[in-house]
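2 protein chains.
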Amino acid sequence: YLADLITQQKPQQSLAGKQIVITAGPTQEAIDPVRYISNHSSGKMGYALANAALAMGAEVTLVSGPVNLSAPCSANLIKVESAQQMHAAVMAEIENADIFIGCAAVADYRPSDVQNQKIKKNNQELTLTFIKNPDILADVAKQQQSVFTVGFAAETQDVSRYAKEKLARKQLDMIAANDVSNSSIGFNSDQNALTVFWKEGEKSLEVADKRQLAFELMQLVSEHYRNKHASK
Amino acid sequence: YLADLITQQKPQQSLAGKQIVITAGPTQEAIDPVRYISNHSSGKMGYALANAALAMGAEVTLVSGPVNLSAPCSANLIKVESAQQMHAAVMAEIENADIFIGCAAVADYRPSDVQNQKIKKNNQELTLTFIKNPDILADVAKQQQSVFTVGFAAETQDVSRYAKEKLARKQLDMIAANDVSNSSIGFNSDQNALTVFWKEGEKSLEVADKRQLAFELMQLVSEHYRNKHASK
Numbered sequence: 266y267l268a269d270l271i272t273q274q275k276p277q278q279s280l281a282g283k284q285i286v287i288t289a290g291p292t293q294e295a296i297d298p299v300r301y302i303s304n305h306s307s308g309k310m311g312y313a314l315a316n317a318a319l320a321m322g323a324e325v326t327l328v329s330g331p332v333n334l335s336a337p338c339s340a341n342l343i344k345v346e347s348a349q350q351m352h353a354a355v356m357a358e359i360e361n362a363d364i365f366i367g368c369a370a371v372a373d374y375r376p377s378d379v380q381n382q383k384i385k386k387n388n389q390e391l392t393l394t395f396i397k398n399p400d401i402l403a404d405v406a407k408q409q410q411s412v413f414t415v416g417f418a419a420e421t422q423d424v425s426r427y428a429k430e431k432l433a434r435k436q437l438d439m440i441a442a443n444d445v446s447n448s449s450i451g452f453n454s455d456q457n458a459l460t461v462f463w464k465e466g467e468k469s470l471e472v473a474d475k476r477q478l479a480f481e482l483m484q485l486v487s488e489h490y491r492n493k494h495a496s497k
Numbered sequence: 266y267l268a269d270l271i272t273q274q275k276p277q278q279s280l281a282g283k284q285i286v287i288t289a290g291p292t293q294e295a296i297d298p299v300r301y302i303s304n305h306s307s308g309k310m311g312y313a314l315a316n317a318a319l320a321m322g323a324e325v326t327l328v329s330g331p332v333n334l335s336a337p338c339s340a341n342l343i344k345v346e347s348a349q350q351m352h353a354a355v356m357a358e359i360e361n362a363d364i365f366i367g368c369a370a371v372a373d374y375r376p377s378d379v380q381n382q383k384i385k386k387n388n389q390e391l392t393l394t395f396i397k398n399p400d401i402l403a404d405v406a407k408q409q410q411s412v413f414t415v416g417f418a419a420e421t422q423d424v425s426r427y428a429k430e431k432l433a434r435k436q437l438d439m440i441a442a443n444d445v446s447n448s449s450i451g452f453n454s455d456q457n458a459l460t461v462f463w464k465e466g467e468k469s470l471e472v473a474d475k476r477q478l479a480f481e482l483m484q485l486v487s488e489h490y491r492n493k494h495a496s497k
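Residue numbers (our numbering), protein chains in the order written: chain X, 266 to 497; chain A, 266 to 497.
If you're looking for bench data, these hints aren't it; they were derived computationally from the structure. Certain hints may be false.
The list makes no distinction among identical chains, and a pair is therefore deemed to hold if it is satisfied within one copy or across any two copies.
Pairs of lysine to aspartate or glutamate, EDC-like flavour, derived with a Cα cap of 20 Å [said to hold, decoys possible]:
#1 Lys435 - Glu465
#2 Lys386 - Asp373
#3 Lys386 - Asp444
#4 Lys435 - Asp297
#5 Lys397 - Asp297
#6 Lys344 - Asp400
Please build the complete structure, drawing on both the sequences and the hints.
Here it is in structure tokens:
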């Protein structure tokens, strides 16, 4: 009777035995030893997804940029700084994975040259050239087609259009879009709202605590992961 | 007897009644709603200086960039993001101040144009132009000559030469230099070491916990502040 109660309170172990790789947080791209370019990201959503996946029975590798959060003890935590480091860490872990969730706010560009010494501010203007970083999400989707791949799209306008376009172009299985122009959700907030798209449909997950939202998203991932493998 | 013991354990109230403005942490300069340029800085040294000054009897205004630290309750905390915001906050507070300590890692440059919408990554390369931010330390030293002004110099090479040059050029009363090429001290570390310069001399403060070092630096500031005013 007691065991029944405990079982009822635990989330369904629908991801038992699954290997999940999750990226979280921002990346920092060095300009010189003191300056860097980065994206706003607290890492809260990615860490909440790691916790939700663990609670649902998965084995989780969390590849995280610089954040001020405690990682779940039972996750395999890999700390990185730059997008190139994150790309290398994900590619080394992805071969045995069943599901990949790219939740990190990866810097799209990095400085073309990294200065070894601090740039002195002698000039009134400073011009920097940035080059494209590797696309972790697209590379996982292309190179590991058996891995169920979930992306995120943080947009400030035309959120739904950009998200659907990204889903198709990068050949993802699912994409979760949020409108970061709304400051009450996203970034450093504890709350978020997502619209989730897949090839044949979409679902809105209403504003909620990121921990709650993470469970709803992982539930959706779990269902569609099973559908994909059932249909093979 | 008990009162004597308590008094002995308290730091000397050598800054009693003094108004001190301290800047701390990095600034973030927006490129677009998600991207920014910043400097490495945990804010630990500036927050430790605020605590030390309060313990020595001062009234403290702490102007802080984005950090993950708890400010001392008894400080007047002003939160800012950009260098322009920090400059405005300091200038509004400085008129009644006795001492200014510029410990923040202020971004020297900001993007010349801030985009209202997220820049799409359509191009292989991205070129950004940056323009100079206002120089908070130099403006305080120039506009408020009665304020005892202390700067920081984080350098990766020729630390002593750059620090002395900055002391003279910005007409500071004192400058604390640290070599940030040594990764065991500075930035996110809890430890630091400083070499402090003033017009007629210098003093090395050996590697120590930032809280300990903050007390030693505030002691030095307090002595030289009194000398400056005694000699008038």
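Structure-based check of all given hints:
Taking identical chains as interchangeable, the C-alpha atoms of lysine 435 and glutamate 465 lie at most 20 Å apart only when both belong to the same chain, with a minimum of 16 Å there against 64 Å between chains. For a Cα distance limit of 20 Å, the shortest separation of lysine 386 from aspartate 373 across copies, 7 Å, qualifies, whereas the shortest one inside one copy, 26 Å, does not. For the homomeric pair lysine 386 and aspartate 444, the shortest alpha-carbon distance between copies (18 Å) is at most 20 Å, but the shortest distance inside one copy (36 Å) is not. In the homo-oligomer, the alpha carbons of lysine 435 and aspartate 297 never lie at most 20 Å apart, since the shortest distance is 32 Å inside one protomer and 24 Å across protomers.
Proximity of lysine 397 and aspartate 297 under a CA criterion of 20 Å is satisfied in both settings, with 18 Å inside one chain copy and 17 Å between copies. In this assembly of identical chains, the alpha carbons of lysine 344 and aspartate 400 lie at most 20 Å apart only when taken from the same copy (18 Å versus 35 Å across copies).
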